[in-house]
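Protein chains in written order, with our numbering: chain W, 1 to 210; chain R, 1 to 545.
Read the hints as simulated data drawn from the structure, not as lab findings. Glycine included, each C-beta is placed from N, C-alpha and C at the ideal position. Certain hints may be false.
Capping the alpha-carbon separation at 27 Å, the derived lysine-lysine pairs in DSS-like fashion look like this [claimed, not checked]:
| no. | chain 1 | residue 1 | chain 2 | residue 2 |
| --- | --- | --- | --- | --- |
| 1 | R | K118 | W | K73 |
| 2 | W | K73 | R | K69 |
| 3 | R | K51 | W | K73 |
| 4 | R | K75 | R | K118 |
| 5 | R | K289 | R | K211 |
| 6 | R | K385 | R | K437 |
| 7 | R | K46 | W | K73 |
| 8 | R | K102 | W | K73 |
| 9 | R | K470 | R | K481 |
| 10 | R | K73 | W | K73 |
| 11 | R | K69 | R | K102 |
| 12 | R | K118 | R | K69 |
| 13 | W | K73 | R | K75 |
| 14 | R | K244 | R | K326 |
If you want the ones that stay clear, here's a sample from chain R, every Cβ over 10 Å from chain W, calculated [to be verified]:
| no. | residue |
| --- | --- |
| 15 | K60 |
| 16 | G64 |
| 17 | E105 |
| 18 | P148 |
| 19 | R150 |
| 20 | V165 |
| 21 | A182 |
| 22 | E200 |
| 23 | D275 |
| 24 | S305 |
| 25 | V320 |
| 26 | P416 |
| 27 | L432 |
| 28 | N459 |
| 29 | R488 |
| 30 | E527 |
If you anchor each label on the Cβ, the simulated ranges turn out as follows [what the hints assert, rightly or not]:
| no. | chain 1 | residue 1 | chain 2 | residue 2 | range |
| --- | --- | --- | --- | --- | --- |
| 31 | R | Q27 | W | A163 | 32 to 42 Å |
| 32 | R | Q169 | W | L100 | 51 to 61 Å |
| 33 | R | P217 | W | Y91 | 43 to 53 Å |
| 34 | R | Q169 | W | Q166 | 44 to 54 Å |
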Amino acid sequence: MSDSDLTASQLGLCTCHGCGGLSELLPGVHEMRCRRCGAALHLRKPNSIARTWAFLIASYIMYVPANVLPIMKTGSLFGSQSDTIMSGVAYLWHSGSWHLALVVFIASVVVPLAKMLCLSFLAISVQLGWTERALERTKLYRVLEFVGPWSMLDVFVVTILVALVQLKSLATIQPGPAAAAFGAVVVLTMFAAMAFDPRLLWEPKEAHHV
Amino acid sequence: MYEGSRGSVLEDVPSAVAVSKRRRSPQLVWLIPIIAALIGGWLAVKTILEKGPTITITFKTAEGLEAGKTKIKYKNIDIGDVRSIGFTEDLQRVVVTVEVHKGVERHLVEDTRFWIAKPRIAGGQVSGIGTLFSGSYIEMDPGKSSVPRREFEGLEVAPFVTGDVAGRQFILQGKDLGSHEAGTPILFRRLAVGKVASQELKQDGSGVTLKIFVESPYDRFVTANTRFWDVSGIDISADASGLKVNTEGLFSILLGGIAFEAPADSAALPEADADTVFPIFPDREAALKQPDRETLMFTMYFDESLRGLTVGSPVEVNSVTLGEVKGIKVEFDDQRKQFLFPVDVALYPGRMRAMMRQAAAEPTPAEQKARLDALITSGLRAQLKTGSLLTGQMYISMNFFPKASPAKIDWTKNPPVFPTEPGTLVELQATLMNISKKIESMPLQQIGENLRVALQSLNRTLMGMEQAVKRMDKDVAPAAKAALEDARRLLGTADKTLASDAPLQQDLRNSLRDLSKAAQSLRQLTELLERQPESLIQGKKETKR
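Next comes chain W alone, as it looks inside the complex (with noise of 0.2 Å):
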């Protein structure tokens, strides 16, 4: 580890997540409080790997019945139908719209699936403690949190379709179960994301702290 690399846990010190003051550790306490605002200090995100797991797990659990259970109601004139996120897909697929048919695709089953499999890689490689290409892994952080909320796009189209087209008999839609789990699928990457602290991509797995 060359001295650029020196960081505020080699020196002893912590700054407050509450306030960012700086905190001289004491060696051989575990818990410490910051003598400014009282909050509790870390070096580094309690648990966060586990944390990290708990939920991704969670997500991975929800991502199922977000596909597989339909996430639209459709009641119309002539008869209702329900849509999962896949047969919505396929529809556009077959009806020529391929174009729109590759967007919500890739917003709505790509994308999340992909930001789970990120993480679990990034979780995956701080616990067996790699330190080779850590910028890249770094980068692939700052990218998964960047598209989270990105991901609501299929809930937010859900939302917004049934909260407009309420016309009685002519045509109403309602969200269906998937809709509810693909939010808290979208919702717990991004919780998952904000446990893992990247901060651990760059220490071997002996110097994991606190």
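Chain W is already provided as a structure; the job is to place chain R on it using the hints.
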């Protein structure tokens, strides 16, 4: 490294405060995946539990059906979805795989029926208009059986009678279908009270069986002896009693129909059970005819042509029907070398008895024979008669012919042979023959001869008359002419004498004028005498001044 850096760079960094209290368990975060798993598991279990059985229905065509979209409905409520559509192995039919909802499972039994709902106009009713907008769907009629079933054969057309309508089913048997088909209305006093549910050929092909459904509460009018008859369209029949047009209203002209009614004298019979078998009669008359349980069969031999006599032609006594013709056959008489035409006739002694007003006691067959023999002895014979000159229909009339040659019923034959009498036509022929024979035997030549002589003398007389007329013409006419001329001259003179300027007239006018003057004088004289009657003696006085 840690110790050294601290002293040199950051001198005045405050040190952290140690906390002694225990931190919360970090394992709490694992509740989230557990909750997610619970929710996911619950959703999965729910989906699996809600998932009904999958059934297959075969149809001839999958017209209007779409995998994943088409619904199964019962009373217009979704009870399932079409999952996939495929072919049978021989490509003859389409197989529709349907996933039905959970609760419907127990209605998928042996006699549950499925059909594709389509817009339809039949039986005077329009149905399934909704499918024009919403697309086809598969409709279900739950069965009543308790045998579960998962593979069904779809109906090609919607059944007219579904299980949710109260009423009873009956079975009608007829010779042919007539103009009935599923959906044909069942009429009771011209009120549509049911429908023909299905029709099928009998196993042996000897007739058709119709399943009809009479809706509640009208089904109670179907009693054990209810008669059903065909009211298909217009029934025009020509028989021995003339031309008849029968119809049961415009509705049935268009659609046909089956009417039923119980004979009037059988009101108090119990209701018929479901699936009771009834015969179907061709018309109301036939249906409501008194049932003739008792029949006496006879054979009758007629010498004349049987044209116009058909099976079903009536046997009448004084225009009251007592029986009918059951069959007409041909026999060859070996001994006499000629064809015989036996007519099989059924007589209904019940009717005869009613006519004899002896309904009380049921006579034994022997008594019946004796009575018939007695009737024959007193001259009862069968005779062919023309019922209608227009249609040429014949009927058999039973009449008393006291002068008929004695005959007997031949009870030894089976059926017994009933004596006949030549028909009116044959009689007429015989009479005509007689007349022609008499005409033939007349001395026509002699009569002609006499007639000729008479005519000759008549001719002569006429010629004499002509001569007399001519003579008169010659002798009398000139004299008459002269007389007429004299008369004309005379009239001319008279004319002249009477003309206005004739001297005679002139003289007459003058003398009349004189006469008038004389009369005037006479009046003056009278007036004078009235005023001065003495003037008659003293003379006229001078007028006073």
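| request: Starting from the hint list further up, note which numbers the structure goes against and sort them upward. | output: Hints that this structure does not satisfy do not exist here, as all of them hold.
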